[in-house]
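So the sequences go chain by chain: F and L.
Start counting the first sequence at 521; every next residue gets the next number (my numbering).
Start counting the second sequence at 321; every next residue gets the next number (my numbering).
Certain hints may be false.
[Stated by the list, open to error] Listed below are several chain F residues computed to face chain L (Cβ distance under 10 Å; list not exhaustive):
#1 Val537
#2 Leu568
#3 Gly570
#4 Leu598
#5 Arg601
#6 Leu602
#7 Val609
#8 Thr616
#9 Ile619
#10 Arg626
#11 Ala627
#12 Asp648
#13 Lys666
It is worth saying that the hints were derived from the structure and are not from the lab.
All C-beta atoms in this analysis are idealised placements derived from N, C-alpha and C, irrespective of residue type, glycine included.
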Amino acid sequence: MDSVFRALLVYLVLLVVTRAAGRRTLAQITVFDFVLLTVIAETSGQVLPGDDYSLTGTVIVILTLVIVDVLLAYAKALSPRLNRIIDGVPTVLIATGKIDHDALRRARVNLTDVMESARDKHGLRRLDQIDFAVLEVGGAISIIAKDEKAPP
Amino acid sequence: MTTPATDQIPLRPDGLQLDEDRPFQRKLWRAQRLLWASFAFVLLLAALGLTGRGGWLGQRLVQIESGTVTFPRIARRDAPETLPVTFTQDQTFHELFLGTAFLRDFRIETVTPAPRSQMQTQDGVILRFAADGPAPHHLFLHVSPQTAGLTRFYLALDGLPVSASVLTLP
Numbered sequence: 521m522d523s524v525f526r527a528l529l530v531y532l533v534l535l536v537v538t539r540a541a542g543r544r545t546l547a548q549i550t551v552f553d554f555v556l557l558t559v560i561a562e563t564s565g566q567v568l569p570g571d572d573y574s575l576t577g578t579v580i581v582i583l584t585l586v587i588v589d590v591l592l593a594y595a596k597a598l599s600p601r602l603n604r605i606i607d608g609v610p611t612v613l614i615a616t617g618k619i620d621h622d623a624l625r626r627a628r629v630n631l632t633d634v635m636e637s638a639r640d641k642h643g644l645r646r647l648d649q650i651d652f653a654v655l656e657v658g659g660a661i662s663i664i665a666k667d668e669k670a671p672p
Numbered sequence: 321m322t323t324p325a326t327d328q329i330p331l332r333p334d335g336l337q338l339d340e341d342r343p344f345q346r347k348l349w350r351a352q353r354l355l356w357a358s359f360a361f362v363l364l365l366a367a368l369g370l371t372g373r374g375g376w377l378g379q380r381l382v383q384i385e386s387g388t389v390t391f392p393r394i395a396r397r398d399a400p401e402t403l404p405v406t407f408t409q410d411q412t413f414h415e416l417f418l419g420t421a422f423l424r425d426f427r428i429e430t431v432t433p434a435p436r437s438q439m440q441t442q443d444g445v446i447l448r449f450a451a452d453g454p455a456p457h458h459l460f461l462h463v464s465p466q467t468a469g470l471t472r473f474y475l476a477l478d479g480l481p482v483s484a485s486v487l488t489l490p
C-alpha cells in the first residue's frame, strides 16, 4: 500500500511542477532542458520504490502510475474545466498583425521565438507578415501568415 | 449526428476560430505565479533547515548535567542522521540508555565508538562505553528514522533522562 501512495504522491507532485513550469519550458527542449528533465526523472525514480526493490513492488508502482494517468485522461475528457486546468488553453500572441505584449510577457515568450516559428513553418521573413500567432496547449507556436494578395 | 464546426469552437470577431478564454488564462497565469512563490517558500524552509537534513534551524542541542545530545528538529524518513552525544563527567565508563520508542522509530546504523556491552531492559537498551582520560567523551549515533510523523522518545546519559521529539517527514 505504501508503494501505491508513494507513486500517487510523486505523480501529483510531477503534475503540479510540470504544469507550474509552463508550456514553454517543456515544449521547446534545449540540451540543458533535456538534462534537467533527466535529472528530475532520475530523482523521482529513486523515491518511487522506497526501500522495496522487489519485482512485486516495482510492478505495483508502474501499474499505479499507468492507472492514474488513464483515470486522469478520462476525467479530463468528462470535465472540460479540468482539462483546461491541467492542459491549459491556447493563447493568442498576435491577432490581425497586432502584438499582444502582455500575453507574450506572461507566457514567457518573446518575438524571437515567434519569428523562429514563423521562419521554420512558413518561411516568413518579417514579423509584419504574421497575421496570427497562437501559443498552443502543447507549447508550440502556430503561425498564420497574412494573405499577401489581399489588400491591406 | 453532425453539427456545424462553428458550434463546437467559438469564432472570434477577428475571424480566428479558437477557444482562447483569456480571463481563464489570466487565472492560470496567476495560479502559476502563486505556485512559483510557494516553491520558493519551500526552498526557503529548506535553507532554514525546516525540511530536515541539516540547515540553520535544523538541530537542537539538549544539555543536561551528565552531557549533551544534539537532535534533528525535523528528519526525513530513511535518510541518515547523526546524533552526537557528549558525556561531560569524568568516569571510566558511560551508559547511554535508548528508550523503546527510539528503538522502534529509528534504525541504528552504527554507534561510533562501538559500545563495550549492551543490556536489554524492560523499557529499552543500555549501551555501555569504556572511557579513559578527562571528559568530555564523545560518541555518535548514526540512525535513520523509520516512521513518518512526530516521534517522542527518551534517552538517558549516565542515568539522567533526556526527552526529545523529532518530526519525521515522509
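Hints and how they fare:
1. Val537: 8 Å, holds
2. Leu568: Violated, because the Cβ-Cβ distance from Leu568/F to chain L comes to roughly 13 Å (cut-off 10 Å).
3. Gly570: Interface hint status for Gly570/F: holds (7 Å vs cutoff 10 Å).
4. Leu598: 17 Å, violated
5. Arg601: 9 Å, holds
6. Leu602: Hint on Leu602/F: violated, closest Cβ of chain L at ~12 Å, above 10 Å.
7. Val609: 5 Å, holds
8. Thr616: Holds, because the Cβ-Cβ distance from Thr616/F to chain L comes to roughly 5 Å (cut-off 10 Å).
9. Ile619: 14 Å, violated
10. Arg626: 5 Å, holds
11. Ala627: 8 Å, holds
12. Asp648: 16 Å, violated
13. Lys666: 12 Å, violated
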